[in-house]
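Novice: Below are the chains, spelled out letter by letter.
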Amino acid sequence: MTSSHIQSVDSVILIADDSDFDRLLLKSILKEQGHQVVEAVDGLDAVAVFDRERPQIVLLDALMPNMDGFEAARRIKLLAGEDLVPIIFLTSLQDAGSLARCLDAGGDDFLSKPYNPVILQAKINAFVRMSEMHKTMRDQRDEIASHNAHLLHQQNVAKKVFDRVAHAGCLDASNIQFTLSPAAVFNGDILLAGVSPTGNMTMLLGDFTGHGLDAAIGAMPLAEVFYSMLKKGFSLRDIIREINLKLCDILPVEIFCCAFFAEFDFNNNRVQVWNGGLPDCLIYSALDNTITRLPSRNVPLGIVPLVNLKDSIELHEVKEGDRLYAWSDGIIEAGNSDGEMFSEARLLKLFEGGGPKLDLFPTINAAVVDFIGEGTAGDDISLIEVTVVAPESFKVAIAETEGELSGGPDDWSLTYNLRREAIREFDPLPQLLQVLMQVPYLRQFGGQVFTVLSELYSNAVDHGILRLDSAIKNTPGGFSQYYRQRKRGLAALQEEEILIKLHYGGTATGGTLEITVKDSGAGFNYLTGAGQPISDSHKSGRGMHLVRSLCDSVNYLGVGNEVCAIFVWGNHKPRNPAIERVQ
Amino acid sequence: MSDTYQHLDVAIIEELRVVMGDNFSLLVDTFVSDSALRITGIYEAVTAATPESIRRAAHGFKGSASNMGAVRLAALCNELEQMGLAGGSDGAAALADDIAAAYAVVEKELTALR
Amino acid sequence: MSITSTTSTDGSELTIAIEGRFDFSSHQTFRQAYEDLTEKPDMYSVDMNAASYLDSSALGMLLLLRDFAGGDSANISILNCNDDVRKILAISNFEQLFTIK
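Quick note, the sequences are listed as chains A, B and C, same order. Residue numbers are given in my numbering: position 357 of the first sequence equals residue 357, and the series is strictly consecutive. Residue numbers are given in my numbering: position 103 of the second sequence equals residue 103, and the series is strictly consecutive. Residue numbers are given in my numbering: position 38 of the third sequence equals residue 38, and the series is strictly consecutive.
There could be a bad hint or two in this list.
What the hints assert, rightly or not - Derived pair list, reagent style DSS-like, types lysine-lysine, alpha-carbon separation capped at 30 angstroms:
#1 A:Lys310 - C:Lys101
#2 C:Lys87 - A:Lys310
#3 C:Lys40 - A:Lys349
If you are wondering where the hints come from, they were derived from the structure by calculation, not from laboratory data. No experiment lies behind these values; they were computed from the predicted model shown.
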C-alpha cells in the first residue's frame with residue numbers, strides 16, 4: 001500500500017502541529033504525494049502563516065499551546081472570507097463532544113492517528129475538488145452578476161431613448177387618464193397618443209408578444225412611424241398600414257403586436273377604431289349608461305404584410321362626455337395570491353348596473369389593486385380612458401417643426417390632378433401638406449392650412465362629385481348609411497376628376513397662399529344657393545363656415561364646381577378676389 | 001497483522017520507510033527528541049496529580065507512538081489517558097514508569113532499524 | 001408538455017398532437033416535430049385535444065409553422081380546440097390564417 005500510486009493534486013497545504021515528529025511525518029507524506037507544504041508550530045503561528053501563504057487546505061492539530069486549534073480555525077475561516085478553505089482537524093479525540101467542537105469551530109473533517117496516507121490523500125483530493133467547484137461557481141456567479149448589471153444598464157438606456165420617442169405625444173392632455181407601469185415597454189406594452197394637424201387625436205395601445213428587450217425592440221420604430229405620420233396628417237388607415245408593414249419587416253415571424261387604434265374627431269363627434277388582438281375595448285356613455293363593445297376583428301400587427309384595411313376600421317358616433325376605455329390583457333390576467341385571475345367578467349361588471357358612472361377610471365384601478373392584494377406585482381396593468389370633449393376644450397400645443405426659418409420657395413405653384421383610382425384609393429392631403437411645409441413661414445399655420453385643404457377636398461369628393469347629402473347624417477342610423485353611399489359612389493366612378501392648385505407668393509414678413517379645388521361635377525348656383533347639396537356648413541363651426549373663418553376670402557367660381565380659398569399671413573396684401581365666371 | 005504486544009508494528013515501520021525514503025533516520029531522531037519531551041511532560045503531570053493534564057500528556061504521547069508503530073507504548077499511554085479522563089490519579093505514577101520502560105525498548109529497536 | 005407527430009401513410013399530411021401546456025418552453029420540441037421530415041407534407045394538422053393552455057408564444061409558434069409551410073399558401077388546420085383555446089385563437093382572429101375546427 002504505497003502512496004506513490006495514488007493520483008495527487010498539486011496544492012499548498014498548511015500543517016499546524018506543535019509536535020516536531022507529527023509535523024515531519026505529515027509533511028513527508030504530503031510531499032511524497034506531490035503537494036507543497038508550509039508549517040506552523042502553534043495556533044498563533046498558524047493564523048500568521050495562513051495569512052501570508054494562503055494555502056488551499058489547512059491541517060490543524062486540535063490541542064496546541066498559544067492558541068488552540070479551535071480558535072485558530074475560527075480566525076482562519078474569517079481571513080478566508082468568501083474563499084472556501086477546508087480545515088482538517090488532526091485529532092485522536094473520539095468523544096462526540098470534542099468532535100462537535102471541531103465542527104463548530106469551522107472544521108470540515110478529521111484525521112486521526114496513526115496517519116493513513118491513503119485516507120489522507122482521499123480527503124485532500126475531495127476537498128481540492130470541492131474548492132475548485134466552489135471557485136468556479138463563484139466566478140460564474142460574478143460573471144452572471146456582471147452580465148445582469150450590464151443588461152439592466154442597457155435596459156435603462158433603451159428605456160430612456162424610448163421615453164423620449166414615446167413622449168412626443170399628448171398623453172398628458174386633460175381628457176386622457178391612463179395607468180402604465182414605468183417599465184411597461186419591457187412587458188411589451190406601449191401607449192401612444194398624438195394630435196393631427198386638423199386637431200384629431202389618435203391613440204394607440206399596443207401589446208407585443210414576449211418580454212424584455214425583444215418585446216421593446218419593436219416599440220421604437222412603431223412609435224416613430226406613428227408620431228411622424230400623425231404629424232403629417234396621414235389618415236388612420238395609412239398609419240395602420242405603414243406600421244403593420246414596418247413590423248412585418250423587422251420583427252421575427254413569431255413576434256407580433258396586438259394593437260388598438262382610436263382616432264377621435266372632436267369636431268364631428270366621431271371616433272374611428274381598429275382592434276387587432278386586444279381584449280374588447282369599449283365606449284361608455286354616461287348619458288344613457290350603456291356600453292358599446294369594440295371587439296378584436298383583425299389579425300394583430302406584424303403578421304400579414306398586405307392587410308386589407310378597407311372594411312376593418314369601424315366608425316362610431318359619440319357624444320360629448322362619452323368615454324372610451326382600452327386595456328391590454330394584463331388587467332384581465334392579473335392574479336391574486338389564490339391563483340385566481342381578475343377576468344374580463346369582473347372588469348365588465350364595473351360598467352354595468354346602477355346609475356351613470358363618472359369615476360370609472362379610479363374605480364377600475366382600485367378594483368384591480370384590491371383584487372390582487374398585497375405582495376403581488378401589479379406591474380402589468382395598462383389601461384387608458386379618453387373622454388370625448390368639445391373641440392375648444394381639446395387644446396394641445398402642437399410642437400413646432402424644427403428647422404431654421406431660412407428661405408424656402410417663395411413664389412411657386414403646384415397643380416395636382418386626381419382621377420378615378422386616385423380619388424377612390426388615395427389620400428393626397430399629407431403629401432400636399434408636406435409640400436406646403438417646405439415654406440418655413442407656413443409651418444406655424446400648418447393646422448389651419450391643413451384644415452382648409454381638407455374641407456375643400458372632402459367637399460369636392462362628397463358633394464361635388466358624389467352629390468351626397470349630409471343631412472342624412474342627422475337621422476338615426478344615418479351615419480353608416482352616409483358612408484355606405486359614399487363607398488358605393490366611389491366604386492362607381494368613371495371619368496370624374498379633381499384638380500387641386502396651390503399657389504404661394506411671399507416674403508419674410510408675409511405671404512399669400514391660394515388654394516383652388518375644382519371638381520368635374522355639375523356644381524351649383526352659388527349666387528342663389530340653388531342646387532347645392534347640403535353640406536356640413538349648416539352645422540355651426542363646421543365645414544365651409546370653418547374654412548371662411550380661417551381664410552382671408554373664399555369664393556366660388558365657374559359653375560360652382562370650383563372654389564378658391566385665400567390664406568394670408570403677416571403683412572401681405574391679399575389678392576383681389578377672382579372675377580366670377582359663368583360657364 | 002501484528003500481535004498487539006509486540007513493541008513495533010513491522011508493517012507500519014515499512015510504510016514509514018517508503019514515505020520517508022532517505023529521511024527515515026531523521027524521522028527516528030525526531031521521534032526520540034519528541035518523546036523525551038513527552039515523557040518529561042507525563043511525569044510532571046503525574047507529580048501534579050491533576051487528571052486533566054495527565055489525560056492531555058498521555059493523549060499526546062499516544063498519538064506520536066501510534067504513528068511510529070510503537071503499539072504497546074501507545075496502548076499504555078491510552079490506559080493513562082483513560083485514567084485521567086476518569087478523574088483518577090492513583091496508580092498514575094506506576095503507569096508512567098511502565099510507559100518510560102516501554103519507550104526505552106522502542107528507542108533501542110528503532111535505533112537498530114535506522 | 002409532450003408532442004406526438006404522425007404522418008399519413010402517403011406522407012401528404014402531418015398531424016402534430018399537443019398534450020399539456022403549450023407555452024414558451026415548448027419551442028424546441030414543437031419545431032422539431034415538423035422541421036426534419038425528409039419530405040414536406042402538403043397539409044398540417046395541429047391537434048389540440050389534450051392541450052390545456054395556450055399563450056402568446058404558442059401563437060408565435062403556430063406562426064412559425066405557417067411560415068415554414070409556405071406562409072399564405074400553407075394549409076394548416078387546428079383541430080379539437082376546447083373553449084379556452086378557441087377563445088385565444090379567436091381574439092387574434094387566427095381563423096383568418098388557419099383553418100380552425
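Novice: So, for every hint listed, does it hold in this structure?
Specialist: Verification of the hints:
1. A threshold of 30 angstroms between alpha carbons decides the hint, and for Lys310 (chain A) with Lys101 (chain C) the separation of about 28 angstroms falls inside it, so the pair holds.
2. For the suggested pair Lys87 (chain C) and Lys310 (chain A), the alpha carbons sit about 25 angstroms apart, so the restraint of at most 30 angstroms is met.
3. Our distance criterion of 30 angstroms between C-alpha atoms is broken by Lys40 (chain C) and Lys349 (chain A), whose separation comes to about 49 angstroms.
This entry does not satisfy hint 3, going by the numbered hints stated previously; all others are met.
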